[in-house]
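> Protein chains in written order, with the working numbering: chain A, 1 to 116; chain B, 1 to 116.
I should point out that these hints are in silico values taken from the structure, not numbers from a laboratory.
Heads up, a few of these hints could be off.
Copies of the same chain are indistinguishable here, so a pair counts whether it falls within one copy or spans any two.
Unchecked claim - Simulated pairs of lysine-lysine, DSBU-like, Cα-Cα distance not exceeding 30 Å:
(1) Lys44 / Lys26
(2) Lys21 / Lys44
(3) Lys49 / Lys21
(4) Lys91 / Lys49
(5) Lys49 / Lys26
(6) Lys26 / Lys91
(7) Lys21 / Lys91
All values reported here derive from a predicted model rather than from experimental measurement.
Protein chains: 2
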Amino acid sequence: MKTSPSEFRFGRDFTWSHAEKAIARKAFNLALGRELDAVIREAKHRASKITQPSELWDLEHYLTGRRQSIDRTYDYRYSVLPRVLGDLIRKGRLTEDDLHGLSEDKLAYIHQVATH
Amino acid sequence: MKTSPSEFRFGRDFTWSHAEKAIARKAFNLALGRELDAVIREAKHRASKITQPSELWDLEHYLTGRRQSIDRTYDYRYSVLPRVLGDLIRKGRLTEDDLHGLSEDKLAYIHQVATH
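One chain only, chain A, in its complex shape (with noise of 0.2 Å):
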C-alpha cells in the first residue's frame, strides 16, 4: 500500500497481517522485558546503597518516574505502533533485525522515527 504524505507522517493507516502482529507483538514484549529488567536491577541496587531516610523517598520517587515513563511509552494501539516501535529503536530497547517480516512501509516509517 502506498501511503500519502500524512498518512505516512501518523502512521495510522497501516494494515497489519496476522503474521505482522506476532512480529511486532513479540518485538514489542521483548523491549518491555529489556526495560523492565533493567529497573529491577537498579531498584535492587539502589535499595541496597540505602543508608538515610531521604533514599527512600528518592527509591519511591525513581519508582514512580520510571513506572510513568514506560506507562507512556509502551502503547500497543496500532495506530501509534510503529511510532513506538520506532522509539524503542532509537532508544536502544530494539534493533532493526527484531522487526524482520514487518512490510517494507511499515519498516520505512519506522526507520525514519529510530534515525530523527
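Since the structure of chain A is provided, determine the placement of chain B on it from the hints.
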C-alpha cells in the same frame, strides 16, 4: 496548671518549658528514627526479593504509603504534640519512660491518648 475538660481533650493549651521541649523533641526524633529504620529495613528486604515487574510497583506503593503515613503522624506542632506522643506510645514507637520529665498534666493526657 489545672486544665479544663475541653483543654484537656484538645491538649492545645499546655505550656512547654525549655526542658520539656528538649525531652519531647528527643522522644519524637527517637520514634521517627525507629519508624524510618523499620521502613529502610523493609524496603531493602522487599527489593531484594523482587523477581516480577509488578513487585516494583508494589514497592513504590509501599514507599508512598509509608511516606504519607509518616508525614501525617509526625506533626511536631506543640498544639498537637501530646496527642502525637500518645499515639506513638500506643503504636509501640515510644514508651512512657521516654517522656520522663514532662509535667504530670501532660503525662496524664498522653497516657489517656495512649490507652484509648
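> Taking the earlier hints as the rules, which of them does this structure contradict?
Hints 2, 3 contradicted; others consistent.
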